[in-house]
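**Student:** Here is how the chains run, residue by residue.
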Amino acid sequence: MNFLTNLISGLSLGSVYAIIALGYTMVYGISKMLNFAHGDVIMIGGYMSFIMSMYVGMNAWIALLVAIIVCTVLGITIERLAYRPLRGTGSLAVLITAIGVSYFLQNIALLIWGANPKMFTSLFKGMGALKLAGGQLTITPESLFTILANIAIMIGLTLFVSKTKAGKAMRAVSEDNGAAQLMGINVNQSISLTFAIGSGLAAVAGVLMLSAYPVLMPTTGAMPGIKAFTAAVFGGIGSIPGAMIGGLILGIIEIFSRAYISTELSDAIVFACLILVLLVKPTGLLGKKISEKV
Amino acid sequence: MADRILKSISTRGLKNAVRGSQYKREALISYGILIVGYILLQLGAATGMIGHNLQGQFVPICVYASLAVSLNLVVGISGELSLGHAGFMAVGAFSGILVSRIIGFHMGAEPVILVISMLVAAFMAAIAGFIIGIPILGLRGDYLAIVTLAFGEIIRNLMNVIYFGLDDKGHLKFAFNHPIEGIENSQRVITGAIGATGTKTMANFTWGILLCLFTVFIVLNMKNSKQGRAIMSIRDNRIAGESIGLDVRKYKLMAFVVSAALAGMAGCLFGLNYSTLAPVKFNFNTSVLILVFVVLGGVGNIWGGIIAAALLTILPEAFRQFADYRMLTYAVVLILVMIGTYNPTIKSRINAMWSKINPMKNKDKKKSSKNKKTGKEAA
Amino acid sequence: MKKTWTKFAVVAMSFMMVFALAACGGGSSDSGDAGSTALKLGNTGPLTGPAAIYGNAVKNGGQLAVDEINAAAGSEVLAWQAEDDEADGEKAVNAYNKLMDDGMQVFVGSTTSGSAVAATEKAFEDRVFTLTPSASQVAVTEGKDNVFQLCFSDPNQGVAAAKYIVDNMPDAKVGVIYNNDSDYSSGIYAKFKEEYEKSGKKLVAEEASAEANTDYQAQVNSMKNAGADLVFLPTYYTPASNVLIQADKVDYTPTFFGVDGMDGILTLEGFDTKLADGVMLLTPFIASAEDEATQKFVKAYKDAYGEEPNQFAADAYDCVYAVYNAFQETGLDASAANDEICDALVKAFTGGFKYSGLTGADMQWNEAGEVNKTPNAMVIKNGVYEPVK
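Residue numbers (the working numbering), protein chains in the order written: chain R, 40 to 333; chain Y, 181 to 559; chain Z, 433 to 821.
Honestly, the hints are just simulated from the structure, not real lab data.
Don't take every hint at face value.
Computed beta-carbon distance windows for the label pairs [to be verified]: (1) Z:725 x Y:501: 31 to 37 Å; (2) Z:533 x R:280: 54 to 60 Å; (3) Z:779 x Y:501: 48 to 54 Å.
In silico SDA-like links for lysine to any residue, alpha-carbon gap of 20 Å or less [to be verified]: (4) R:164 x Z:682; (5) Z:634 x Y:357; (6) Z:681 x R:168; (7) Z:786 x Z:760; (8) Z:734 x R:207; (9) R:71 x Y:523; (10) R:327 x Y:357; (11) Z:656 x R:177; (12) R:320 x Y:315; (13) Z:706 x R:160; (14) Y:349 x Y:284; (15) Z:656 x R:207; (16) R:164 x Z:680; (17) Y:430 x R:318; (18) R:71 x Y:321; (19) Z:681 x R:161; (20) Z:681 x R:171; (21) Z:634 x Z:591; (22) R:164 x Z:706; (23) Z:681 x R:177; (24) Z:630 x Y:359; (25) R:327 x Y:318; (26) R:327 x Y:523; (27) Z:595 x Z:805; (28) Y:380 x Z:575; (29) R:207 x R:280; (30) Z:576 x Y:357; (31) Z:656 x R:176; (32) Z:706 x R:161; (33) R:207 x R:164; (34) Z:656 x R:318; (35) R:170 x Z:682; (36) R:170 x Z:680; (37) R:320 x Y:318; (38) Y:430 x R:321; (39) R:164 x Z:647; (40) R:164 x Z:707.
Don't be surprised by glycine CBs; every beta carbon is placed ideally from N, CA and C.
Given the sequences, and given the hints that come with them, work out the whole structure.
**Tutor:** So this is what it looks like as structure tokens:
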């Protein structure tokens, strides 16, 4: 039973990583940049939702909606102001800029909301836990809904990317930026849309994560951001199913190494697994093999 | 295809010819900055013109400058993105501190202790660099970045559970994942997350400058050696390099290990500058900080990295009165500088402005136009 | 070459631009330049970053005491300057040096232990008298005759907690969850374990976690499976609140036993205080204490800073008063040299100087720099602290 309990919390944590990793992977796919500020968008989403429900008195679900909208706008703005001027100038400049944006968001949050941690109220407050096998196996509503949300987002996103016009345009831009432009696709719009979706999902991930692990601080997003980035690379950065598989595996490894090996070394084990995977598959589990043209 | 390879080889030859004279200039400027800086700052400190605050930063500035130079070997010269430089710094710092305590138990000559500690630190960091270098060989670009990031985090995590102590007979005690029992507080050397305590501080500005000079010497020589040219040609065109028989793996690994060893030495000096040092110091942010020095100083530019490290260490201290806005400012400046120096439109405008106010514009213009052609192709 | 110069020009330009803006927006920097009659106290603590809550509490608590003393004296007899050290040893030394440049005479710092060990090393060399409000690690005072602590040292807290549990709850099956990357938490844990096991009993479970970690499922399950009915939590209140939330999720209800860092859990924004019902803690300060001094302090603090003071603020407040009272005993005035002040204060602190304040009555210091005071055992009932029986 213990094993099952751990598996479920691993899946739940992994689902959070997967949703965050989607933002990383889509942005990487389309603009070939590592958006290190993505983790801090989660934190902003968390604060927005907290402020809206605690101070403005909104229903938690409406607060979530507000958080999604704010993060979407934030994502588009960051791309427009900080990343677009640097498009095509090499990954190093954009990487440093992204880190600058990350520091900026953390310090702005510190100035506005202060350093005191806040306890996030769960989105599923009041719902009882699901008890199975005579009370031996407990599934919290947070775990259950996080896993379900992950599945729903995954299906929705896959359909969007493969069926709709905007989604196809995004894929085209990922595949070949120049050719897509020649085919009359508005590249700027596609990239903006990608940032919008990624950041909106970050808000969802933030609220789900904080529902389960409720401490909200200006640095809340940093570590999950790095872990989710790891998950995206694990699964093969640029690949949507890869982000899902990477996130889930990472979450399970983390929870299991905490439960059965060592709580202190769980992060080290997660990162060691990543290195092992990349040794065997240099582009991640589902990553495309980069064929080099001469 | 053959056409392109030929072209790339011929530009490489041309570039190396230009580099020959550039090398002398770069070496001159780098050593000059270090020596003149040392003399000026020592004078300032001796005459009381420089306060405690700036004096206290002399050693960290030297450490960061030499870290920037050593990271440049990987990022600038070998063209790989590394996000784990602080990890090598950590290996060097903690092994160096441990060695200094062990030797310090038996003898008191500080310079000897310091030099031996730094050598051991360099050796340990080189081993770490070698181990992490192996998986890196098969990876490219952003995948390599994530592996170095992961490595940095692993090192920090391991440091959190490692315990060393030195009992009153000078015997070394070690424990993994639990504290050492039955020894006095003052006998603890490295205590997990608390880190190193009771370190005898023996670093000073002179050692710092010596470290910088040594690092610059190694990196510049490596850059200008046969191996260095091979590494740069691999950076510029890997396939062309491979096709003329360069062992890509060997050269990449070499740059990586040397860079790690130098970072270890810098870490050791840093560790011996403070009576306590916690593993959390060597987190992702520190790796990024060093990378920022490299990028702001100009990727591949040795003396640029030194100046950037010095400026970015001093400026946040100099602007303490802005308290809460300090880090926010740092972030904004970082973004503005990146956009200002890399965005094509803004860059050309600033260049135009700069050449108007630059007194050496005629002299410089000729040279830059000559260099521009070759420089462009390298990018 | 030119490219690099251009870059530095841009760096300089943007720094100037942004600072010009910042200066217009928030020119609220407090000047440390008081008249020569004021004794200059300095502090370094994390004013930004994840530990900023502690640094800001000390900064505010110290400021409050200085303002009170100055108002009572009718003139500026004390000056207070707090610098940011981001809870980092390197920055702490920089901040300390900055304070020295600004003429600091007595060092009331650092706030966190890691910073304090590095900064007090300098204070020892410079002969600046130091009374740290909250740096509880032993290495802070060890071997430095002019460095004193106002808070309990970590070992003393661990020993006190172990003794209390052995004496009052002899049948308890004790488990521990601590933060292995926090010097505070792992310091208390180590001494607690040592002292507790002296009584011949073993801890039934020991689990660790990083302080920033928010997932305590594995740790709580391990306690539950080991059958612990008393869980010792030598952590700050944020990790402790996570443990409580997690325990509630799996219907695990042992007695939780905390240390002074637990204070603050009841005012944690958004935290359901019902979960903290029955939590016990040993602490020298609680904001809800009924004595007049505490009430007055809490009210003044709330008026000035809009939030409930925690133990750190009270420690800093006491530090300022203790230094001021001792300084008056020495009969020196603020124009004295640093080493003169230092020697006189060291003599006073080791020579039977007593101070009663918010965090303890009749505090006295020994030669090692440790304070002697008694912690109170408290239990949380219906969202307020009550003394145990």
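**Student:** A separate judgement is required for each hint: does it hold in the structure or not?
**Tutor:** Hint by hint, here is what the structure shows:
Checked against the hint of 31 to 37 Å, the C-beta distance between residue 725 (chain Z) and residue 501 (chain Y) comes to roughly 34 Å, which is consistent with it. Restraint check, residue 533 (chain Z) to residue 280 (chain R): a C-beta distance of roughly 58 Å satisfies the suggested window 54 to 60 Å. At about 36 Å, the beta-carbon gap between residue 779 (chain Z) and residue 501 (chain Y) misses the expected band of 48 to 54 Å. Our distance criterion of 20 Å between C-alpha atoms is met by residue 164 (chain R) and residue 682 (chain Z), whose separation comes to about 15 Å.
Between residue 634 (chain Z) and residue 357 (chain Y) the CA atoms are separated by roughly 18 Å; this keeps the pair inside 20 Å, and the hint holds. Distance restraint check for residue 681 (chain Z) and residue 168 (chain R): the Cα-Cα separation of roughly 8 Å lies within the 20 Å cut-off, and the hinted pair is therefore satisfied. Of the pairs offered as hints, the one joining residue 786 (chain Z) and residue 760 (chain Z) holds, with about 13 Å between alpha carbons and a cut-off of 20 Å not exceeded. Using a Cα cut-off of 20 Å, the hinted pair residue 734 (chain Z) and residue 207 (chain R) is violated, with the two alpha carbons roughly 57 Å apart.
The suggested pairing of residue 71 (chain R) with residue 523 (chain Y) holds, with an alpha-carbon distance near 17 Å, which does not exceed 20 Å. Between the alpha carbons of residue 327 (chain R) and residue 357 (chain Y) the distance comes to roughly 40 Å, so the proposed pair goes past 20 Å and is violated. For the given pair, residue 656 (chain Z) sits about 14 Å from residue 177 (chain R) by alpha-carbon distance, which is consistent with the 20 Å threshold. Taking the CA atoms of residue 320 (chain R) and residue 315 (chain Y), the gap is near 11 Å; set against the 20 Å cutoff, the hint holds.
The straight-line distance between the Cα atoms of residue 706 (chain Z) and residue 160 (chain R) is roughly 14 Å, inside the 20 Å bound, and the hint therefore holds. Under the criterion of a C-alpha separation no larger than 20 Å, the hint pairing residue 349 (chain Y) with residue 284 (chain Y) is consistent with the structure, at around 13 Å. For a cut-off of 20 Å, the pair hint linking residue 656 (chain Z) to residue 207 (chain R) is broken: about 51 Å separates their Cα positions. Annotation: proposed proximity of residue 164 (chain R) to residue 680 (chain Z) holds, straight-line Cα distance about 13 Å (limit 20 Å).
Taken as a hint, the residue 430 (chain Y) and residue 318 (chain R) pair is honoured in the structure, with Cα atoms around 17 Å apart against an allowance of 20 Å. A threshold of 20 Å between alpha carbons decides the hint, and for residue 71 (chain R) with residue 321 (chain Y) the separation of about 11 Å falls inside it, so the pair holds. Using a Cα cut-off of 20 Å, the hinted pair residue 681 (chain Z) and residue 161 (chain R) holds, with the two alpha carbons roughly 12 Å apart. For a cut-off of 20 Å, the pair hint linking residue 681 (chain Z) to residue 171 (chain R) stands: about 15 Å separates their Cα positions.
For the hint pairing residue 634 (chain Z) with residue 591 (chain Z), the CA-to-CA distance comes to about 15 Å; that is within 20 Å, so the pair holds. At roughly 14 Å between alpha-carbon atoms, residue 164 (chain R) and residue 706 (chain Z) fall within 20 Å of each other, so this suggested pair holds. Straight-line distance between C-alpha atoms of residue 681 (chain Z) and residue 177 (chain R) comes to about 9 Å, which keeps the hinted pair within the 20 Å bound. Distance restraint check for residue 630 (chain Z) and residue 359 (chain Y): the Cα-Cα separation of roughly 17 Å lies within the 20 Å cut-off, and the hinted pair is therefore satisfied.
Simply put, residue 327 (chain R) and residue 318 (chain Y) have alpha-carbon atoms about 15 Å apart, close enough for the 20 Å limit, and the pair holds. Our distance criterion of 20 Å between C-alpha atoms is broken by residue 327 (chain R) and residue 523 (chain Y), whose separation comes to about 30 Å. A threshold of 20 Å between alpha carbons decides the hint, and for residue 595 (chain Z) with residue 805 (chain Z) the separation of about 15 Å falls inside it, so the pair holds. For the proposed pair residue 380 (chain Y) and residue 575 (chain Z), the alpha carbon gap of about 12 Å is at most 20 Å, so the pair holds.
Our distance criterion of 20 Å between C-alpha atoms is met by residue 207 (chain R) and residue 280 (chain R), whose separation comes to about 16 Å. Restraint check: the Cα-Cα separation between residue 576 (chain Z) and residue 357 (chain Y) comes to about 30 Å, which exceeds 20 Å; the hinted pair is violated. Of the pairs offered as hints, the one joining residue 656 (chain Z) and residue 176 (chain R) holds, with about 14 Å between alpha carbons and a cut-off of 20 Å not exceeded. For the suggested pair residue 706 (chain Z) and residue 161 (chain R), the alpha carbons sit about 15 Å apart, so the restraint of at most 20 Å is met.
Distance check on the hinted pair: residue 207 (chain R) and residue 164 (chain R) sit about 39 Å apart at the alpha-carbon level, beyond 20 Å; violated. Our distance criterion of 20 Å between C-alpha atoms is broken by residue 656 (chain Z) and residue 318 (chain R), whose separation comes to about 39 Å. Proposed proximity of residue 170 (chain R) and residue 682 (chain Z) is supported: the alpha carbons are some 11 Å apart, at most 20 Å. At most 20 Å may separate the alpha-carbon atoms for a hinted pair to count; residue 170 (chain R) and residue 680 (chain Z) meet this at roughly 15 Å.
For a cut-off of 20 Å, the pair hint linking residue 320 (chain R) to residue 318 (chain Y) stands: about 9 Å separates their Cα positions. At most 20 Å may separate the alpha-carbon atoms for a hinted pair to count; residue 430 (chain Y) and residue 321 (chain R) meet this at roughly 18 Å. Note on residue 164 (chain R) and residue 647 (chain Z): the hinted pairing holds, with a Cα-Cα distance of about 18 Å set against a maximum of 20 Å. At most 20 Å may separate the alpha-carbon atoms for a hinted pair to count; residue 164 (chain R) and residue 707 (chain Z) meet this at roughly 14 Å.
Hint check: violations occur at hints 3, 8, 10, 15, 26, 30, 33 and 34; the rest are consistent with the structure.
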